[in-house]
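There are 2 protein chains.
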Amino acid sequence: MLLVLDRSDSLPLYRQLSQQLKGLIENGTLAPGTKLPTVRRLAEDHGLTRLTVQSAFAELQDQGWIQSTVGRGTFVSAQSSGPPPSRLEVPGSLAELLQATDRPARFQLAQAAPSEEFYPRQEWKACLQAALNQDGSLNYGTIQGDENLRSQISRILLDRGLQVPPEQILITHGAQQGMDITVRALSKPNQPVLLETPCYPGALELLHTLSRPCLEVPVEQMVKAVEEQCRRHRPTLLYTVPTFQNPTGLLASPAQRAALLALAERYDFYILEDDVWGFYNYTPSLPPPLKAEDRHGRVIYVSSFSKTLMPALRLGFVVASEELLQSLSQKKHASDLVCSLLLQRGLAEYLKRGNFGPHLSRIVPIYKQRRDAFHQALLEHAPECSFHLPPGGLSHWLKLPAGVDESALFSEACHQGLVCARGAAFYPMPRAQGYLRLSFGGHKPAELEKAAALLGQLLRAARQRPRLRGNPLV
Amino acid sequence: MLLVLDRSDSLPLYRQLSQQLKGLIENGTLAPGTKLPTVRRLAEDHGLTRLTVQSAFAELQDQGWIQSTVGRGTFVSAQSSGPPPSRLEVPGSLAELLQATDRPARFQLAQAAPSEEFYPRQEWKACLQAALNQDGSLNYGTIQGDENLRSQISRILLDRGLQVPPEQILITHGAQQGMDITVRALSKPNQPVLLETPCYPGALELLHTLSRPCLEVPVEQMVKAVEEQCRRHRPTLLYTVPTFQNPTGLLASPAQRAALLALAERYDFYILEDDVWGFYNYTPSLPPPLKAEDRHGRVIYVSSFSKTLMPALRLGFVVASEELLQSLSQKKHASDLVCSLLLQRGLAEYLKRGNFGPHLSRIVPIYKQRRDAFHQALLEHAPECSFHLPPGGLSHWLKLPAGVDESALFSEACHQGLVCARGAAFYPMPRAQGYLRLSFGGHKPAELEKAAALLGQLLRAARQRPRLRGNPLV
Chain A
1 MLLVLDRSDS LPLYRQLSQQ LKGLIENGTL APGTKLPTVR RLAEDHGLTR
51 LTVQSAFAEL QDQGWIQSTV GRGTFVSAQS SGPPPSRLEV PGSLAELLQA
101 TDRPARFQLA QAAPSEEFYP RQEWKACLQA ALNQDGSLNY GTIQGDENLR
151 SQISRILLDR GLQVPPEQIL ITHGAQQGMD ITVRALSKPN QPVLLETPCY
201 PGALELLHTL SRPCLEVPVE QMVKAVEEQC RRHRPTLLYT VPTFQNPTGL
251 LASPAQRAAL LALAERYDFY ILEDDVWGFY NYTPSLPPPL KAEDRHGRVI
301 YVSSFSKTLM PALRLGFVVA SEELLQSLSQ KKHASDLVCS LLLQRGLAEY
351 LKRGNFGPHL SRIVPIYKQR RDAFHQALLE HAPECSFHLP PGGLSHWLKL
401 PAGVDESALF SEACHQGLVC ARGAAFYPMP RAQGYLRLSF GGHKPAELEK
451 AAALLGQLLR AARQRPRLRG NPLV
Chain B
1 MLLVLDRSDS LPLYRQLSQQ LKGLIENGTL APGTKLPTVR RLAEDHGLTR
51 LTVQSAFAEL QDQGWIQSTV GRGTFVSAQS SGPPPSRLEV PGSLAELLQA
101 TDRPARFQLA QAAPSEEFYP RQEWKACLQA ALNQDGSLNY GTIQGDENLR
151 SQISRILLDR GLQVPPEQIL ITHGAQQGMD ITVRALSKPN QPVLLETPCY
201 PGALELLHTL SRPCLEVPVE QMVKAVEEQC RRHRPTLLYT VPTFQNPTGL
251 LASPAQRAAL LALAERYDFY ILEDDVWGFY NYTPSLPPPL KAEDRHGRVI
301 YVSSFSKTLM PALRLGFVVA SEELLQSLSQ KKHASDLVCS LLLQRGLAEY
351 LKRGNFGPHL SRIVPIYKQR RDAFHQALLE HAPECSFHLP PGGLSHWLKL
401 PAGVDESALF SEACHQGLVC ARGAAFYPMP RAQGYLRLSF GGHKPAELEK
451 AAALLGQLLR AARQRPRLRG NPLV
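Chains A and B supply the protein sequences, listed in that same order.
204 is the number that this note's numbering gives to position 204 of the first sequence; each next residue is one higher, with no gaps.
274 is the number that this note's numbering gives to position 274 of the second sequence; each next residue is one higher, with no gaps.
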């Protein structure tokens, strides 16, 4: 078998191997049913460790390209009939975003995060001091999390229209950990998960790492798409951001919410509701979270203080029925024991002092102003794009005009100092689809106006360039 | 099928179901090859959700009791030939320990943790203030962790005889998360992992949650046992605490360390080296960690500041080759993105100020004194037990005299205000084996003397009581 592996390549060897084998299967060199060499043989022939070959095989098997039978060997899979669940192909979109955020740039619109200038540093200093001055333990604490903190969270959730006792709350390292333990508790490897698309890249990365294929449900026709997928498959879990969806900013209507809950009951699946944006509300009234209408314990609600206070806390929480919370706690505990009691007690103090509501009342109008300014500027400078006024959150989702290549425009924008997120980062099979996400939280209105003007220039230049077919993702 | 499920029982329903099915298989009611009812049927017949039945089936399948074949159904497994890898049976020993620690008691010897009175609260207040005063970001930060913190860790590891560049360090939520991502990156579900026994309960809980069966290697004959297991199985990973093993306190000799590294190379497995106790050294000289002699990138070294500073930080780290670190970082990132940059910067500041060495120089002699006092007191009051002077760490591991029931003594000790850890908590298949772990970190010498005296009384009382056969674990 002809394989070319390059140790100086930044791509790990196992990934190089799996990609080449995939290529050989795709182009027919390795026909369905072909027996592959043993791990040992491949390793010896190519000077690889067995682990490298095993990792490549595991990836190919997870993705359905090959199958192993004990005692017989490993074979190229037969062609599957009908459209299979999407396999997640290129992980690392989230990492890419995170790296983009660290890039010094004139306009930093890559990360949907609040602006550092509004992080409550001073209040935090006082609260952490108080936490360190208290007699209370700085030991591990309980698995479920600090009781005072859970009581405070229960209280602030009332402002989101959600009434839950502290017993149904589990403290986690951000919403991401809440998602991780929920997916692990309510689905198994190779079991498909319903996923709205376009989608928060952290959910994509998580499902990829946990070997969960995904059943895509376009967020704009979610209810219909979920029902169709449920007729063909038996998913146990749906991931969704019903309130100010990331990246589209969409807000599910009360009717859509009710329909999703009914589908969960009819088709026997759970809903992982990600509500990290719920407090970033620019509308006069807001439907409560799905969890508030959850009569059958089917909703696992996750949220975090990364967006409302600051990412450096890494504190979030899960709300679920006490029965589910038990198995979620076990996953959490086996993963990393507990969350820092120091930070938990600092946060409990912060919330107890009543700082949270006033902080939101101070910052949300600022971001609303930024949203409005950016929206006006986009209408003026990029009228050829389609987009709507996001009713909450920190991002605009722009559909580029036909003929403008997403990848090329994204590269050029980054090059010119306008760092943003490309549409491909929000899909399980990354492919340029003609979108950009522009997050406006980090800049003042005047700067956002300049950013929109620069985007307009780039768009006009792009439309004058001939479009290259098959331009690779950058 | 006759099943009795009790919703008021604290045991989750799925666990009740799986235990009863296991019982029916063990007593022959369900013979090998018997087809089980479908999930749907079992759920309907017993008024359970399908998830409950699925969870029970998943557990039984993970443990090898039943097998599923697509399109045919679920069957009781045939008797396996030869000794299979141990399946982890009762999780939650770690949770039990954690709960025991929260129990108010005269003598709190359950948790192998330092004493709160020596936590560096004042220094921490100053360092966190400095971190909040600095201009630096309180955003997410990079996946691998704060660069200054990694540099500082690289520096303090020199004192452990380990020279590694910051590029080979990944910041994690304690050593536990380092273990979690390592097991997930280097083994797959149902793939057995080599595990020293008796063993840190957090490793047991982790392997259980990740569905990794374990190949036990008794820590006292580790090298021989590892080789025997490798001849019969093909493990990819060994978990070990070579320096001040938990719970035994054993210190692997340089020859044993070299032998383990050679075996890893010969049988192609990785070594997960847990070094959380390395700095608690009471001996004049100490062999360096396995990682220091790791010429082939086979060792993944994990440690934490929970024992040396305070558990409430939840900061630890992994040291691994840059190639491995890439896949470990991906697992970490998908799990919970990053660690709190606030705590990371506080810790970097703490280490940079040179606080760590003096802190250790202050506390280690105190614990050495406690160890010596407790050892003397045990020699005096519990001479019928076997134990050795632990060369490091915070625990004595007592073998009870023949005729004394571990479970009964443990219960009685807790009842009398001497809270400790029972031997069963340190084995994958919890069974009373006649051991107690007594952690002396939290009490002054005079109190430890009283604790030992109480233990002596309890031992004498236990030997006068007739021993009940089959006394259940408490």
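The set of hints was computed from the structure by calculation and includes no laboratory data.
The reader is advised that the hints may include incorrect statements.
As the list makes no split between identical chains, a pair holds if one copy fits it or if it spans any two.
What the hints assert, rightly or not - The list that follows gives simulated cross-link-like pairs (lysine to any residue, SDA-like), each with its CA atoms no further than 20 angstroms apart:
| # | residue 1 | residue 2 |
| --- | --- | --- |
| 1 | K331 | P189 |
| 2 | K450 | S211 |
| 3 | K224 | S327 |
| 4 | K125 | G434 |
| 5 | K188 | P12 |
| 6 | K331 | N190 |
| 7 | K399 | Q221 |
| 8 | K224 | K331 |
Any hints from earlier that this structure breaks? Give me their numbers in increasing order, please.
2, 3, 4 and 8
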